[in-house]
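Visitor: In order, the protein sequences belong to chains C and H.
For the first sequence, position 200 matches number 200 in this note's numbering, and the numbering has no gaps at all.
For the second sequence, position 125 matches number 125 in this note's numbering, and the numbering has no gaps at all.
Bear in mind the hints are in silico, worked out from the structure with no lab data behind them.
Among these hints, one or two may not hold up.
Just so you know, same-sequence chains aren't split out, so a pair can sit in one copy or run between any two.
Here are the simulated lysine to aspartate or glutamate pairs, EDC-like style, with alpha carbons at most 20 Å apart [said to hold, decoys possible]:
{"no.": "1", "residue 1": "Lys156", "residue 2": "Asp79"}
{"no.": "2", "residue 1": "Lys156", "residue 2": "Asp95"}
{"no.": "3", "residue 1": "Lys156", "residue 2": "Asp123"}
Protein chains: 2
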Amino acid sequence: MTRPAVILLSGGLDSATVLAVAREDGFACHALTFDYGQRHRVELEAARQVAAQQDVASHRTAVIDTATFGGFAGSALTDAVDVPKDRDESQMAGDIPVTYVPARNTVFLAYALALAETLEASDIFIGVNAVDYSGYPDCRPAFIEAFEAMANLATKAGVEGRRLNIQTPLIDLPKVKIIELGLGLGVDYGVTHSCYDPIADESHRLGARPCGRCDSCVLRTAAFGELGMADPAAG
Amino acid sequence: MTRPAVILLSGGLDSATVLAVAREDGFACHALTFDYGQRHRVELEAARQVAAQQDVASHRTAVIDTATFGGFAGSALTDAVDVPKDRDESQMAGDIPVTYVPARNTVFLAYALALAETLEASDIFIGVNAVDYSGYPDCRPAFIEAFEAMANLATKAGVEGRRLNIQTPLIDLPKVKIIELGLGLGVDYGVTHSCYDPIADESHRLGARPCGRCDSCVLRTAAFGELGMADPAAG
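Start from the sequences, fold in the hints, and give me the full structure.
Guide: As C-alpha cells, this is what we get:
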C-alpha cells in the first residue's frame, strides 16, 4: 500500500516542487492549502491547478478566520502594510521582512500534524528554504528540527512509536536548483504563483499576474533568468 | 504598563482557574477560545461568561473549520464516536482516550503563539494537567517543554531575545487542588462547563447541563465531593 503524506501546498513555486518530490518518493500525497486572508489569494487557485495536474490523493483548503482570530495581523501579506518593491538581494538580507506573518509556519505545520494523525501519515512535506531568503525565523533548519521533536511528543503516533518526519527537501537549495529539480520532475511552473502583490488580469490563466517587483518576484525572475528562461507564469 | 499574556480559555474548570492565576500574576489577559465543532459547544458560552466575570483585556473565539480541514476527525469530541461513560479512574488510566483530538493542543498553542507575537506578549497560559487524566500525549510536561523550545525558534520574539514562556500553573495539581486554588482566587465555577456530552436544558444558566457520567464529569464531581461541595454547575 502506498504510504500517505501531508504536503503543505501554497500554490507557489517551492511547494509545487515539494509535491513533485513527494510523489517521486512514492507517497500518496494529501495536499493542504490555507486561506488566511492573504493579499495574494490568487495562490489558492494556483494550488488547485497544481494539485489537479499532479494528481494528488486529496486536496483540502482550510480557512483560517484571520480577522476574528487576530493573530496573523501586522504583516504586509495580511494587513494594510506596503509590500516592499525593487529590492536587491543585499536589501532583502538581515532583518525579518515585513512580509513575515506571525507564527504562520507553526500554525500551518500544526494543522498538517493533526491531518497526519487522522490519516495515519508519518511524513509532512514543507517547502521551506533557508538559502535565498533567510529572514523568516520559521524557515530555519533549527525551527524545523524543534517542530519535529515537539510533534513526536504531541501525538498518538509519537506515543505509539510511529515516528513523524518533517520533510524539507528544498531547505538547502538555491532557487535555481529548486527550479531545475522541479523541471526534471515535470512540474509546470506556469500554473504556480509566487507574487506577494499580484495585479488582477483576466487574460492570465490564474486571473492575476505577478507584479515582478516584490522580493518573491525578484528572486523568482532572477532564477529563471539564470537558467536562460522566462518565468512561464509571468506576462 | 501591564504585561500582556494570552490565555487559552475553553470555558472549563481548569482554564477558568488558569485565567484567575494569570490575573493574580498581574497580566493583562487576552483570552482565546476555539470553536472547532466540539460536541460540547456549550463551553463557548461558558467561556464568554468566564471571560466577562474575570474582566479580561480581550476575548477572541477562533473558528476552526474542522469539517473542511479534516484534521480533528475520529475523536469522540468531534465525530460520531460514543463518549465513554461511568468509568472509574482505573479504567481511565493507560491508553489514549477516544476523546483525544489529534494534535489539538499543538494547533491551539500555535494560534496562541501567533496572537502572542502580534500582541508582543511573552507569556501563554494553558490549563494542561498531567495528574488526574494522563492519557493525552499533548498534556505531558515533555510536550510543553518541546513546544516552548520550538516557539522560541519560530518567532520574531525568539530571534530578538524576548523569551516566550508557556505557563502551565496546573500541570502538577490534582483536581481538588485546582478547585481550591480557584476558589481562593474567587473563581465562580458555576459558569464553567467541563462535560464532554452535555444535555440540553433551557433552565440551566448555560443552556445545557453536564451529563454527570463522562470521564470529565466523574473527575470533576469527585473533586467537589472531596471538598464536601456540590458542583455549582451541575443540576
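Visitor: Run through the hints listed earlier and report the numbers of any the structure violates, in increasing order.
Guide: Failing hints: none at all.
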